[in-house]
Structures are given as C-alpha cells and as structure tokens.
Amino acid sequence: TPSPMAEPIFHFEINAAHVKVFMSAVTALEGIGKEICLSVRDDAAAGAELTLSATDDAATAFGRFTFERRFFSKAQVDGARLSAGYADFACKVLARALFP
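Numbering (my numbering) for the sequence shown: 65 to 164.
There's no promise every hint is true.
What the hints assert, rightly or not - Ranges between beta-carbon positions, derived for each pair:
| no. | residue 1 | residue 2 | range |
| --- | --- | --- | --- |
| 1 | ARG133 | CYS155 | 18 to 26 Å |
| 2 | HIS82 | ASP121 | 28 to 36 Å |
| 3 | ALA81 | SER103 | 20 to 28 Å |
| 4 | ALA122 | ASN79 | 34 to 42 Å |
| 5 | ALA125 | ARG160 | 15 to 23 Å |
| 6 | GLU77 | ALA110 | 39 to 47 Å |
| 7 | LYS138 | ALA109 | 14 to 22 Å |
| 8 | PRO72 | LYS156 | 27 to 35 Å |
| 9 | CYS155 | ASP120 | 18 to 26 Å |
| 10 | ALA122 | GLU77 | 29 to 37 Å |
Stated by the list, open to error - Simulated crosslink set (DSSO-like; lysine-lysine; CA at most 30 Å straight-line):
| no. | residue 1 | residue 2 |
| --- | --- | --- |
| 11 | LYS98 | LYS138 |
| 12 | LYS98 | LYS84 |
| 13 | LYS98 | LYS156 |
| 14 | LYS156 | LYS84 |
| 15 | LYS156 | LYS138 |
| 16 | LYS138 | LYS84 |
These are calculated hints, taken from the structure and not from any lab test.
As the structure is a computational prediction, the values presented were derived from the model and not from experiment.
All C-beta atoms, glycine included, are put in the ideal place defined by N, C-alpha and C.
Based on the provided sequences and hints, a complete structural model is requested.
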C-alpha cells in the first residue's frame, strides 16, 4: 500500500488579485538569471514570508522580492520541522518551471 503523503513544510496561497504581481516578480527575476532562489522564513514576530531572488551568471546583477504574510490569502510554515525559533528553507528552481 502506498504511504500517505507527508504534510508540506510550507504552504502559500495567492489570491487572484495578487497573481499578476507574483508573476511580474518571477518574470523580472527570469530576466536576470535562469535560476530563482526560493527562500521561506518564519519568525514569531513577522510571520511567514517568501523571498524570490536571482543573480546573473557573471554575478553583476541581482534582484530580490520579498512577499510578507499579508500578501498571501493563506501562509503556513511548519517551523517545528525546520528549527526552533526561526524557520528557514531555501532552494533553487529554474525560472521557467514556475510558470511554464
């Protein structure tokens, strides 16, 4: 029997009014580099936030967009699974994979 799917470490939902803003940020970063660094942070005071950033291959251009909790219709981060106090997660994804 297949094992049940594990609960996600983080979950963000964007309401329809903010999708265009999010897509514009991804498009701008795609113009800088082919990879986008996705970073999730959660702290007790500020709440969950998602940061997208990119650097060009020559490391001469950089862009970053941080979306705070209030940008999302729903934002959950399982801080207990990452670390105590501050929860951080980071990875790189191909820009074109975010919006094929």
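Mind listing which of the numbered hints don't hold for this structure, in increasing order?
Violated: hints 6 and 8.
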